[in-house]
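*Asks:* If you're matching them up, the sequences are chains A and B in order.
Residue 307 in the UniProt record's numbering sits at position 307 of the first sequence, with consecutive numbering throughout.
Residue 364 in the UniProt record's numbering sits at position 364 of the second sequence, with consecutive numbering throughout.
You may find that some hints are simply not true.
[Said to hold, decoys possible] Some chain A residues close to chain B (C-beta under 8 Å, calculated; not the full set): (1) Y204; (2) V211; (3) G212; (4) A298; (5) V300; (6) I310; (7) G425; (8) T428; (9) Q439.
[Stated by the list, open to error] Derived contacts from chain B toward chain A, CB cut-off under 7 Å, selection only: (10) G258; (11) S296; (12) Q301; (13) G305; (14) E309; (15) W332; (16) A449; (17) A459; (18) D461; (19) H463.
[What the hints assert, rightly or not] Label pairs and their computed distance ranges (CB to CB): (20) A:F340 <-> B:E327: 50 to 60 Å; (21) B:L281 <-> A:E369: 24 to 34 Å; (22) B:S377 <-> A:Q78: 46 to 56 Å; (23) B:T455 <-> A:E443: 46 to 56 Å; (24) B:N135 <-> A:L257: 14 to 24 Å.
No lab work stands behind these hints, which were simulated from the structure alone.
Glycine included, every Cβ here is placed at the ideal spot set by N, Cα and C.
Protein chains: 2
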Amino acid sequence: MNAPISHARLLPHVDQQEIPPALLQALQARFGQRLSTAMAVREQHGRDESPFAVPPPGAVLFAESTADVSDAVALCSQYRTPVIPYGAGSSIEGHLLAVRGGLSIDVNRMNRVLAVDADDLTVTVQPGVTRKQLNEAIRDTGLFFPIDPGADASLGGMSATRASGTNAVRYGTMRENVLALQVVTASGEVIRTGTRAKKSSAGYDLTRLFVGSEGTLGLITEVTLRVYPLPEAISAAVCSFPTIADAVQATIETIQLGVPIARVELIDANSVRMVNAHSKLALREEPMLLMEFHGSPAGVQEQAGTVQEIAAGHGGKAFEWATTPEERTRLWTARHNAYFAAVQSRPGCRSITTDTCVPISRLADCLLESVAEADASGIPYFLVGHVGDGNFHFGYLVDPANERECDRAEALNERLIARALAMEGTCTGEHGIGLHKMQFLEEEAGPGAVDMMRTIKRALDPHNILNPGKIFAD
Amino acid sequence: MNAPISHARLLPHVDQQEIPPALLQALQARFGQRLSTAMAVREQHGRDESPFAVPPPGAVLFAESTADVSDAVALCSQYRTPVIPYGAGSSIEGHLLAVRGGLSIDVNRMNRVLAVDADDLTVTVQPGVTRKQLNEAIRDTGLFFPIDPGADASLGGMSATRASGTNAVRYGTMRENVLALQVVTASGEVIRTGTRAKKSSAGYDLTRLFVGSEGTLGLITEVTLRVYPLPEAISAAVCSFPTIADAVQATIETIQLGVPIARVELIDANSVRMVNAHSKLALREEPMLLMEFHGSPAGVQEQAGTVQEIAAGHGGKAFEWATTPEERTRLWTARHNAYFAAVQSRPGCRSITTDTCVPISRLADCLLESVAEADASGIPYFLVGHVGDGNFHFGYLVDPANERECDRAEALNERLIARALAMEGTCTGEHGIGLHKMQFLEEEAGPGAVDMMRTIKRALDPHNILNPGKIFAD
Chain A
1 MNAPISHARL LPHVDQQEIP PALLQALQAR FGQRLSTAMA VREQHGRDES
51 PFAVPPPGAV LFAESTADVS DAVALCSQYR TPVIPYGAGS SIEGHLLAVR
101 GGLSIDVNRM NRVLAVDADD LTVTVQPGVT RKQLNEAIRD TGLFFPIDPG
151 ADASLGGMSA TRASGTNAVR YGTMRENVLA LQVVTASGEV IRTGTRAKKS
201 SAGYDLTRLF VGSEGTLGLI TEVTLRVYPL PEAISAAVCS FPTIADAVQA
251 TIETIQLGVP IARVELIDAN SVRMVNAHSK LALREEPMLL MEFHGSPAGV
301 QEQAGTVQEI AAGHGGKAFE WATTPEERTR LWTARHNAYF AAVQSRPGCR
351 SITTDTCVPI SRLADCLLES VAEADASGIP YFLVGHVGDG NFHFGYLVDP
401 ANERECDRAE ALNERLIARA LAMEGTCTGE HGIGLHKMQF LEEEAGPGAV
451 DMMRTIKRAL DPHNILNPGK IFAD
Chain B
1 MNAPISHARL LPHVDQQEIP PALLQALQAR FGQRLSTAMA VREQHGRDES
51 PFAVPPPGAV LFAESTADVS DAVALCSQYR TPVIPYGAGS SIEGHLLAVR
101 GGLSIDVNRM NRVLAVDADD LTVTVQPGVT RKQLNEAIRD TGLFFPIDPG
151 ADASLGGMSA TRASGTNAVR YGTMRENVLA LQVVTASGEV IRTGTRAKKS
201 SAGYDLTRLF VGSEGTLGLI TEVTLRVYPL PEAISAAVCS FPTIADAVQA
251 TIETIQLGVP IARVELIDAN SVRMVNAHSK LALREEPMLL MEFHGSPAGV
301 QEQAGTVQEI AAGHGGKAFE WATTPEERTR LWTARHNAYF AAVQSRPGCR
351 SITTDTCVPI SRLADCLLES VAEADASGIP YFLVGHVGDG NFHFGYLVDP
401 ANERECDRAE ALNERLIARA LAMEGTCTGE HGIGLHKMQF LEEEAGPGAV
451 DMMRTIKRAL DPHNILNPGK IFAD
């Protein structure tokens with residue numbers, strides 16, 4: 001959990017509304033013990049991995065069914081009271097914070113895998129199922145769900161933020177892997193947004209409209225997902241490079257050649273140093289790429305051979321292979337621990353995390369200019385990236401009490417985003433807008449497109465009760 | 001072109017509004033010769049590949065730029081007059097027909113490839129560029145655009161109907177391959193719906209909202225697309241099977257095993273017979289699969305070996321290979337000629353074409369029950385399918401003057417759709433709703449979801465001028 005920050009540049013517009021006593025009474029009558037107004041419970045639901053400090057929601061409902069969600073929203077709709085869906089609490093842009101007060105609807109008890117249609121390569125889950133839980137549940141079927149944002153996020157939350165992560169370069173993001181949703185609308189009505197058919201041109205793509213809508217258009221109560229046959233062969237490799245530029249160039253060539261690499265992650269020397277200290281490892285403290293190849297045994301070997309050749313052309317060395325699950329886990333430890341190792345490298349610090357994504361040909365320019373700026377700032381940072389997609393994250397490790405430092409870090413983020421937008425990229429590849437990126441969305445999409453989003457929001461949520469105050473100013 | 005039909009079951013609700021003289025004058029002042037009210041021109045823009053006979057639009061504008069489209073829509077908006085975008089005219093569900101009258105905006109002169117960003121695997125085109133034109137334009141870059149709906153459709157039209165076709169099993173549909181759009185809204189404003197970043201979680205997914213919106217939410221004036229490196233090796237194969245069931249089972253196993261096959265098309269014995277007669281060929285008049293494999297030479301060989309083994313297990317025989325472009329073209333002739341061969345097999349007939357798509361495990365059941373019904377009906381038909389996606393098309397070849405026959409064919413389509421919906425499939429995999437499938441959309445999506453679509457339509461097009469009367473009743 002990031003330490004909260006009370007930095008002026010980051011303060012969201014908070015205007016909390018109390019839950020009307022009559023609504024509270026009606027909710028209590030309907031839900032009994034499952035409704036909580038205990039401060040500890042509310043506080044737990046009033047923070048996420050973002051740096052914002054906002055007072056908690058007025059109450060928390062532990063929903064157990066679609067009917068629970070539907071009834072709660074219908075009641076809140078009557079009283080024009082905000083509702084905020086809550087999954088794993090791992091979002092990092094302030095999506096969950098009750099800036100207008102209201103009811104937090106916790107869906108963690110809605111954690112059943114409803115259907116595994118192995119023959120169709122689809123599953124249907126309740127929104128509180130996490131990605132790891134899903135993969136446990138389907139392990140015996142020879143299938144897996146590839147989307148891996150790092151955190152063991154809930155699949156409802158991952159849908160709502162259009163999450164992606166390390167496997168997206170091969171398997172796509174939640175955008176490509178959600179087939180259909182069940183959604184509770186602003187009035188409490190329950191709709192389905194699609195079927196289990198792999199493709200369809202039946203009317204507007206409501207599924208994709210809800211994927212990434214951050215709880216502002218409806219509450220997701222079921223998710224139908226694509227899953228994949230476990231590859232016959234998986235092989236992981238780590239390779240060090242003299243410079244970040246070399247690692248990035250090797251990545252760009254790999255993508256441009258069309259190698260179907262499953263993962264290609266950049267870890268900068270800072271991160272390696274932090275991971276070595278944190279996990280008592282002795283990795284070469286140089287920029288490295290972590291890669292994974294999926295396919296037939298021959299196919300994996302062929303892909304890996306091609307990439308090894310490309311890497312060698314850019315000074316890649318210490319190409320280390322891992323084919324057993326244990327060896328792979330060891331290699332991926334560095335990547336998975338990077339965030340925690342970084343935050344622990346500076347006691348009391350918090351990380352201001354960036355999330356730009358640019359067309360692959362601009363990746364080197366965007367990244368290297370930003371590294372130069374970060375180095376010049378003197379602020380400690382780490383850098384990791386899903387570089388095969390052109391997406392990377394700086395974590396600026398700031399002292400939350402040091403306003404000047406926070407200010408400098410935010411200024412770095414702003415310049416990075418301006419740079420990415422000038423290169424036809426996006427301010428957020430996978431974290432979403434939440435509270436933190438509203439201004440950047442306006443710059444990226446333009447006022448016309450944001451107005452269109454707002455028009456859709458108003459049409460589908462006329463009383464502005466669905467996670468209000470997020471994505472754009474209300 | 002299908003012969004028109006005046007069959008009661010197919011008659012859309014036509015309520016045409018005249019273009020107000022003052023608007024016509026304003027359009028003429030702005031566009032001069034590019035605005036036409038000549039009956040021949042209007043009639044050409046008043047029909048597509050659908051069976052509906054609707055009087056033509058009141059005028060046709062040959063737009064040459066986004067500014068043209070924007071100005072025309074702004075003028076029509078002032079006068080509450082409908083606008084209908086027109087690309088290649090190859091849609092088959094009545095999308096283009098002027099059921100409420102108005103102005104047809106022909107975008108065929110907007111046919112420039114605006115940017116080829118080969119290093120990023122993206123291109124940006126004007127909406128009148130066709131898929132073949134695009135592939136010609138990028139041939140020297142070593143890239144290709146895979147989406148192939150059969151017709152040489154415009155990329156604006158393919159976006160607007162969420163088209164797909166033979167390569168979708170490997171490369172996805174327009175849903176997965178449109179990165180961003182430039183759109184003229186109902187008021188004539190110009191917006192962009194995304195960037196060239198491969199992924200983004202920046203606000204609502206307006207791109208996917210417009211893909212498949214059939215001109216009812218805005219007019220597409222630019223399309224940014226993903227393109228792919230031409231595979232190092234391509235190999236095509238044709239294989240005959242004793243029964244449709246065998247061919248379908250071989251397909252299902254191929255998909256379930258995760259073989260990254262690029263194309264797998266079913267052609268039934270009727271279609272082969274019609275193609276043989278039409279093109280003087282001597283193909284075995286049995287159900288066949290046409291397949292294509294893309295990858296490295298070794299990868300292609302491996303995939304093909306796996307599929308050949310699967311096919312042999314289902315009585316597959318006469319596995320014939322083609323690796324040169326000429327041989328491949330010869331093999332694909334049967335598939336590409338199927339529609340025309342079929343329509344010519346019964347002089348004066350028209351084809352009522354179905355478009356269901358079901359989860360792959362239900363494909364055999366859905367298909368075989370429908371074949372039995374079609375056989376029992378006595379109506380000549382052909383059957384082709386993008387079976388790797390669970391999507392297939394019957395073409396019922398009816399005499400348009402024979403109302404009973406048309407009725408029986410429509411009844412077959414209705415039962416097929418009911419069957420597909422019961423199997424968690426969709427009434428349209430790739431053709432769209434248009435005029436023909438409104439009732440089925442209601443059955444598939446449910447009134448709540450269709451209401452939501454209507455709410456979005458009303459919010460974004462308050463005067464209902466954008467291709468009104470399509471997708472759902474207005």
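*Asks:* Given a cut of 7 Å on the nearest C-beta pair, is the interface hint for D461 (chain B) held or broken against chain A?
*Replies:* violated, 10 Å
*Asks:* Please check whether H463 (chain B) passes as an interface residue: C-beta within 7 Å of a C-beta belonging to chain A.
*Replies:* violated, 14 Å
*Asks:* Range first: 24 to 34 Å. Now tell me if the beta carbons of L281 (chain B) and E369 (chain A) are that far apart.
*Replies:* With a Cβ separation near 60 Å, L281 (chain B) and E369 (chain A) fall outside 24 to 34 Å, so the hint is violated.
*Asks:* T428 (chain A) was flagged as interface toward chain B. Is the shortest Cβ-Cβ separation under 8 Å?
*Replies:* At about 5 Å, which falls below the 8 Å cut-off, the nearest Cβ of chain B leaves the hint on T428 (chain A) intact, so it holds.
*Asks:* When you take the CB atoms of F340 (chain A) and E327 (chain B), is the distance between them in 50 to 60 Å?
*Replies:* holds, 57 Å
*Asks:* Does 14 to 24 Å hold as the CB distance between N135 (chain B) and L257 (chain A), or does it fail?
*Replies:* holds, 20 Å
*Asks:* Would the stated hint for Y204 (chain A) survive a check requiring a Cβ distance to chain B of less than 8 Å?
*Replies:* Y204 (chain A) check passes; min Cβ-Cβ to chain B is 5 Å, inside 8 Å.
*Asks:* With 8 Å as the cut and Cβ atoms as the points, is I310 (chain A) at the interface with chain B?
*Replies:* Cβ of I310 (chain A) sits 14 Å from chain B, so the hint is violated.
*Asks:* A closest beta-carbon separation below 7 Å is what the hint needs, so does A449 (chain B) meet it against chain A?
*Replies:* holds, 5 Å
*Asks:* Checking hints one by one. Is V300 (chain A) an interface residue toward chain B, by the C-beta closer than 8 Å rule?
*Replies:* violated, 10 Å
*Asks:* Hey, does the V211 (chain A) contact hint survive, CB to chain B under 8 Å?
*Replies:* Holds, because the Cβ-Cβ distance from V211 (chain A) to chain B comes to roughly 7 Å (cut-off 8 Å).
*Asks:* Would the stated hint for A459 (chain B) survive a check requiring a Cβ distance to chain A of less than 7 Å?
*Replies:* holds, 3 Å
Checked against the numbered hints given earlier, this structure breaks hints 5, 6, 9, 12, 13, 14, 15, 18, 19, 21 and 23; the rest are met.
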